[in-house]
Every structure is written in C-alpha cells, then in structure tokens.
Amino acid sequence: MIHKFDVVIVGAGGAGLRAAVEIPKEYSCAVISKVFPTRSHTGTAQGGVCAALSNEEDDSWLNHAFDTVKGSDYLGDQDAIEIMCQDAPRAIIELEHMGMPFSRTPEGKIAQRKFGGHTKPENPNDPNSKRIPVKRACYSADRTGHVMLQTLYETCIKNQVNFFSEYFLTDLIIEDNTCKGVTALDIATSDIHVFHAKCVMFATGGYGRVYRITSNAHVGTGDGCALAYQAGLPLEDMEFYQFHPTGLWRLGILVSEAARGEGGILRNNKNEPIMEVYAPIVKDLAPRDMVSRAIISEIRAGRGILGSDGTYYINLDLTHLGKEVIDEKIPEITGFARTYLGVEPTKESVPIQPTAHYAMGGIPTNYDTEVLADHKGNTVKGFYAAGECACVSVHGANRLGTNSLLDLVVFGRRGGKKIAEFLKTADYTDFDSDPKERANSTLARLLNQAGNEKTSAIRRELQENMMEKCGIFRNEADLKQMKSIIKQLKQKYNNITVQDKGKVFNTDLLETIELANLLDIAEAINDSALNRTESRGAHDREDFPARDDKNWMKHTFIRKSSDGEETKIAYKKVVKTRFEPMERKY
Amino acid sequence: MIERNFKIWRGNSKGGDFVNYKISIDEGMVVLDALKLIQADQANDLGLRWNCKAGKCGSCSMEINGKPKLACMDRVTDYKEDSQITVRPVKTFPVIKDLVTDLSWNYEQNKRIPPFKPKPRENGAKYRMQQEDVDRVQEFRKCIECYLCQNVCHILRDQEKKNKFVGPRFMIRLASLEMHPLDTEDRIPAIKNEYGSGYCNITKCCTEVCPESIKITDNGIIPIKERVVDRFYDPVLKLFRVFSGSKK
Ligand SMILES: Cc1cc2nc3c(=O)[nH]c(=O)nc-3n(C[C@H](O)[C@H](O)[C@H](O)COP(=O)(O)OP(=O)(O)OC[C@H]3O[C@@H](n4cnc5c(N)ncnc54)[C@H](O)[C@@H]3O)c2cc1C
Ligand code: SF4
Ligand code: SF4
Ligand code: FES
Chain Y
0 MIHKFDVVIV GAGGAGLRAA VEIPKEYSCA VISKVFPTRS HTGTAQGGVC
50 AALSNEEDDS WLNHAFDTVK GSDYLGDQDA IEIMCQDAPR AIIELEHMGM
100 PFSRTPEGKI AQRKFGGHTK PENPNDPNSK RIPVKRACYS ADRTGHVMLQ
150 TLYETCIKNQ VNFFSEYFLT DLIIEDNTCK GVTALDIATS DIHVFHAKCV
200 MFATGGYGRV YRITSNAHVG TGDGCALAYQ AGLPLEDMEF YQFHPTGLWR
250 LGILVSEAAR GEGGILRNNK NEPIMEVYAP IVKDLAPRDM VSRAIISEIR
300 AGRGILGSDG TYYINLDLTH LGKEVIDEKI PEITGFARTY LGVEPTKESV
350 PIQPTAHYAM GGIPTNYDTE VLADHKGNTV KGFYAAGECA CVSVHGANRL
400 GTNSLLDLVV FGRRGGKKIA EFLKTADYTD FDSDPKERAN STLARLLNQA
450 GNEKTSAIRR ELQENMMEKC GIFRNEADLK QMKSIIKQLK QKYNNITVQD
500 KGKVFNTDLL ETIELANLLD IAEAINDSAL NRTESRGAHD REDFPARDDK
550 NWMKHTFIRK SSDGEETKIA YKKVVKTRFE PMERKY
Chain B
0 MIERNFKIWR GNSKGGDFVN YKISIDEGMV VLDALKLIQA DQANDLGLRW
50 NCKAGKCGSC SMEINGKPKL ACMDRVTDYK EDSQITVRPV KTFPVIKDLV
100 TDLSWNYEQN KRIPPFKPKP RENGAKYRMQ QEDVDRVQEF RKCIECYLCQ
150 NVCHILRDQE KKNKFVGPRF MIRLASLEMH PLDTEDRIPA IKNEYGSGYC
200 NITKCCTEVC PESIKITDNG IIPIKERVVD RFYDPVLKLF RVFSGSKK
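Protein chains in written order, with numbering that gives the first Met the number 0: chain Y, 0 to 585; chain B, 0 to 247.
Among the hints, erroneous ones may be present.
Unchecked claim - DEER-style ranges, computed between Cβ atoms:
#1 Glu-193/B to Asp-190/Y: 33 to 39 Å
#2 Arg-156/B to Glu-275/Y: 57 to 63 Å
#3 Ser-483/Y to Lys-21/B: 37 to 43 Å
#4 Lys-423/Y to Lys-13/B: 48 to 54 Å
Hints listed in this document are in silico derivations from the structure and should not be mistaken for laboratory results. Ideal placement from N, C-alpha and C gives every residue a C-beta, glycine not left out.
Modelling step: build the complete structure from the supplied sequences, incorporating the hints.
Put into structure tokens, the structure is as follows:
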C-alpha cells in the first residue's frame, strides 16, 4: 500500500508528538510508531522537566544555560543551549495550557524542585560566586513524562493527526540528498506500507538496548539512528552514552535520583559510604557520570557485594529514612524492589548497579532540527530529527537530569515550525527505485536465510561485551577487541534463522531487524570511542584520563565507508558563545 | 532453579487452545520473564506485547490464573510451587494472535471525547491553581491504558452494549477533563447520552484490578454520575446511595 502525506513523523514520544502538534491543519501529517503512542518511552520519565520559571526562588535562563554547558563538559553547542534555556519557561506554560496538570506551590504556581547539576550563584550579583542548588525542575507528581506524553497525544487527537500505531519502520528513502519518505511494516499483518512524503522527521528515541543493563524499554533499539547511518548519513558524538548510577541490580530498572535526593546512601561490602571518598562535598548527590564511575571503581577494587549469579553490586541504603519517607516520597522504589528482587527497602539495602540510560549522541541536526549531511553543516533536504535520537547538541558529553524532556518539547516545536515553513514551497519527489520492492526483498532475505545462529544469543553477546568493553570505563585494548567482536557478530548475523515464518505479530522477525540496528549502533559508538583519546563527560578513557580542550573541543561525525565495511570519522568544532571552559568540579 | 508448568492460550481470531510448557525459573522472575523464556527456547512464534518491563507502559495485560494483571509485575514465585500457571489473553477484546488482542476500540472511544478547552489567560498572566484541585486530575493521569478495567467491566463484556458505554477507562478520562480547574467545555449531557454513564452500576470490579490503584469508581465515576444527576437523573446512583447510605 502507498500512502501520501505532506509530512511523516516516525516516533510518537514527546519529540514526535510535539512536532506533530505544530504542523498546521492544512497539511496532512502521519505519525508512525512501533508501539501505541502513549506506550512510548517518554512515559517512563519521572523526575521532571526544567525551566528557570523563578516560581520558588530567583533564577534565570542564563543560570540554566551555564549549568547545561558545564554539565555537558563543554561539548554542548552553546548557541543551541541558549535557545533551549531561553525558550524553556514558554514551553512549560504552553504544556500547562494544553492541560498538563503540573504540581503546585501553596500560592498556586507551578511547583519546582531541586535536581542534580542545576544551580545558581550564591550571590546573585556575582556570577562567579559559589554555586548552590536551585529549584528548577517542574513536575507532575512522579509521572512527569507520562503526563506530558498523554497531554501531547490528546492534543494530536484534537488536531486530527493520523496515527499508524504498531507500524515498524523498515527503510528511510533518501535519493540525491533528498528525503522522499519511509517504508514501514504493519506488525499485525507484516504488510509493507510505503509512505511517500514531502518531508520526514525522525523522533525514534534512544538505544539503551545496546547494553545489557539498561533503564530503556524494549523498543530502545536505535532504529532511527541506525537507518540514517545505513543510508550513509553521519552520526554525531556516539561515544557519549550516559549511565545512570542507580539501576536495580541485574535488571537495570531505574531507581530514581530522588532516592539519593531524600538521603539514600551508597555503601560497599564493608558498609562504608562510598561517595565520601569520590565526592567529599556533594557526596551521593554528585553528577551521574561521577557516581557511576565510583560504583564501578568500588566493584573493581573488590568492594562490591557478590550476588547469587556471580555478579557484583553496591548497596543503596534507605533504611535510615524510615518507613514513612520511603512510602510517601519514593513509593515506586519499594514496589520495584519488592516485586523484582524480593527486597524490603525499609529493612534492607537495595542492590544496585549503573544502568545504560541516555544517548547524548545521535543524528546530527542544526538547532532547527534539519539533519546535517556532513560535518561542514550541509543539510539533507526534507529530513528532520528531534528528541533523543537527534544530536543538536545541547547535552554534549553528559546530559543533566530533566533537560531531555525539555529538549523534546523545545526542539520538537522548532522542528514542526521549520517543517511548516518548508511545506509552503515543497513538493513530492518521485522515487528512483521502488521502495516496496527493496523492503520486501530485505524481509524475504531475512526470512529465508538459514543457519545455526539465534537472534537472542547474538544480542546477548553484543550487550554483555558492550557493557564490559565499551561501557563506563574504556581503553584502547578493550575497544579494539570490541571492534573485532562486532565484526564477528555481524558475520554470525547472516546465519540467523528466523524461526517464526508467520505474518501476524512476528516478533521474532522484528527482533532480528532490531538486532541489525543494534550492531550498527554498537559499531558507531565503539569506533567513535576508540578515536577520542581523552576523557570527557560520560566518555572515560583509562588510558587518557584527562580532558583535552586543546585537541578535543569538537564533535565526532562517524559514517559508514561507501562499501559499508569500515567507518570514517570527521570532526566539527563546538560552538561557543559566552561560556569559557572550566574544570568540571562539584 | 525450580521447574514450573505453564498453560498458555495459543491461537488467533478463529480460535485456539491451551498449550503446556515446562520451564526452569530463577528466583525473582515475573510471569513476563517466563513467557519471554518460553518464546526464546520453545515457541519463537508466541505472540506477546511488552515494552517497559516495569509496570509503566501498560502493554502486557493478560489474564493469569483467571485474574486480569500486568505480566511484568506478577512474580512467578507468588504462585504455589506445584501449581500450574494459566495465561490467556484478555477476554473483552478480539484476539489477534496468542496473547495479543485488538485494542483499537479503546482508541476510537478516546477520539469521541471533546478535548480540553482551557479558559483564556488574562493578558498573558500565569494560571494559578491549588494542589488540591490538581490532585484528582493527577490521580486519573496515572492511568497507563492497560485496559484491564475495560476487560473486567461486565457492561463491555456484553458486546451489544459496547457501543453504548465507553467503559471505566474513559469515564475517568472524562472525569479528568471535567475536574480540570481550567477546562470550560461542558460534557455532562454527552456523558449521560453518548458515553452511557447510566450503564455503570457501580460494581467496582474496575477499581479492584487497576494496577495503578486509581479509585476509578469512588473518585471518578461516582462524582461524574453526581454531576449528571444534578442536571438529569440516574436511577443507579439513586439506588446506590440508598443502599450504601452515602450522603449528598
Ligand atoms: C527510566 C527513565 C527515566 C527518565 N527520566 C527523565 C526525567 O525525569 N527527565 C528528563 O528530562 N528525561 C528523563 N529521561 C530521558 C527521557 O525520558 C527520554 O530521553 C525521552 O523521553 C526520549 O523521548 P523521544 O521523544 O526522543 O523518544 P521516545 O519517547 O523514546 O519515543 C520513541 C518513539 O519512536 C518510535 N520508534 C522507534 N523505533 C521505531 C521503529 N523502528 N518504527 C516505528 N517507530 C519507532 C517508538 O515507538 C516511540 O514512539 C528518562 C529516561 C528513562 C529511561
Ligand atoms: S463500576 Fe461501573 S465501570 Fe466499573 S466495572 Fe462496574 S460497571 Fe464497569
Ligand atoms: S484506569 Fe487503571 S485499569 Fe484502567 S486502563 Fe487505566 S491503569 Fe489500567
Ligand atoms: S511491559 Fe510495560 S507494563 Fe508490563
């Protein structure tokens, strides 16, 4: 079946839906998602969305921008960061106007709370004075992302957006540097649908599933990024992947930062509070990358706690908080710990380990979400990207908590506006080759290939190795080894037999396609990491422990070589406006 | 490692039957883990929806030993060791394949509901709202659209009435709009005439199964019915009040 839409948005998380809301009614707009829109990953975000509203105390967008730049370890593009932080208060008020029920202060304003890395100068007249935490995160109880997603979805329904739910993106069609549409598979029937469009936006989210321990849902396989990469486009800053320090041991399910915010303490096998050593001042409230490194360092030094399956963890001690605080302030953690680990947090510590959480890297775009064709800033006609799958870059080498939800609504909207402008003069461009045929032949190949390999086994091998060799700590030897492992796994991939040959809800087939995407994402992360011989933000090279501003204030642009066998890397300078790099100390 | 017996309904829209599987499970596994294990080792073509594995996305609704539940929040070890665990798709909606059902009817109901219509802002000023007024809306917003409440509601199980009553999920959706401090739309006549509030006879089965512990009936449906009564008349609510002795 062939559909024609002025614009096709792939992904129905916060970014995709916010963009869809912005498309004027006179244009036809389709949103494709492999899960029902409200089941998208945005729905799991709990913490909040930040803006310098100054509702609870004095604050300014410049404070917010300073924190974001510093948090990014000076790799974020400062022009884009300024746009985001300046636009944030408007974006929050707009969500409220759409009906999002933010929690309130006693005077009835939108309430705000503290969140890691968000600060202001102690003396408002002296920007260089000591920085103290500031209440900047707006929230809707502990459901901020969920409520935001529902609100945006309902606004889309109101605007009569066409949803194609449980449609799986299979191809991105770019010919002569012009994006002409996509193909997608209807999961209920396995039919291929061609979406012929004047322009396409990707808002396909992150790729935490490339690691074994992740807070990301099943769908987080980086399909959008992988398809762009397979189409010959570059990916930016892939080496920067954020690990959240507190994932439930073995499962990766997120234990919110609020647990430490309320006073939770990380302890090793001697019951010592570990953060006293690694961050004596802020201790357990240090930024995510630092706490994650501290946990792994403790485990490596033999001070982890041995679990029943032979792996190690660190304890998150909440027992001293008392039942009341635990039940009232962080009720979910109790539910998770009980259900999944059989642990009672009021009486015993919760076993945790760092969990793969957020992709700073992705499809490179300018601050109007136009996708970049190269490191020189040329764009691909009619192709846009926003949200976690994109790299603007506002998060640089390390994202601050609550800045992602903000990124979604600010750049989702900017993308929608840019698309509306583009559509005023744009037209459909004919396909050079039949996209349906191409998609069907890929599927037929996958369904017909036969060998002894299994999707789940290859995926597990990839995820476990990525965790170990290309995770929190990296070094040349490990990364080189990982490179050859990925090569081998790609070979093995051709010997997978898809057992399920059926047409209806064939998850076996879908997971096999996703695995191809994960392998490409892993390749891009690993090769980018191998090339960057410094440590910055989430990228920690044991063999190059210092940040090197002289050589590395630049973004990685990695792409496949023309034969697809190797990768090619180029670099693009970081944009600086007003913030000079300083040491990142907390 | 403990061996466990599972009985899983396999089939499609035309019919199907239970199939037995035996697997070894680890301590701490939830039913969803067990199903994924069966899918990986014994039944690659087992139809199954899941996403977050953390009770947050509402994808994995099914009936486990006859009880509507989220498979990802249901510990296998909570069932007796020698017992068999029976898993089948939710009953109220048509089966697509195995445990996957066609939920599109629900999304159609959502589209019928008049959207949020905020009162105008006074020359750009920020809105003021009290937390106690927002509490209810936030409670209803916890809904993850697992549709377990829709599944147990006996009105919806009766196919004939499906086009007369939107079901508990959408009653609280309506309630969240009606109780929103900024909303100005009037949906009360439609709640009675189009969405069928009168069909609900307050059995509270929906509230019992809600994994988000939303007080669907007490906080959502009953207050909405009361607003309908203030304007029209609802025999069920009247009877309910007589028997439960509730005031107002
Ligand atoms: C547990 C957790 C808690 C978090 N908490 C916070 C927080 O408090 N504050 C904050 O700012 N950030 C938080 N984050 C980060 C933030 O939630 C995400 O970065 C953000 O939601 C991503 O949104 P998105 O719109 O880019 O994509 P997503 O919401 O991930 O949506 C991706 C969409 O793309 C679709 N898609 C993907 N692949 C395909 C395909 N092949 N075919 C069709 N459709 C496809 C999916 O169906 C989905 O609709 C959290 C993240 C996690 C994991
Ligand atoms: S209380 Fe009403 S809506 Fe809920 S299950 Fe009973 S009849 Fe259905
Ligand atoms: S109200 Fe509760 S049971 Fe019903 S769909 Fe929402 S979360 Fe599920
Ligand atoms: S998998 Fe998301 S609720 Fe069960």
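Hints breached by this structure: Violated hints: none; all satisfied.
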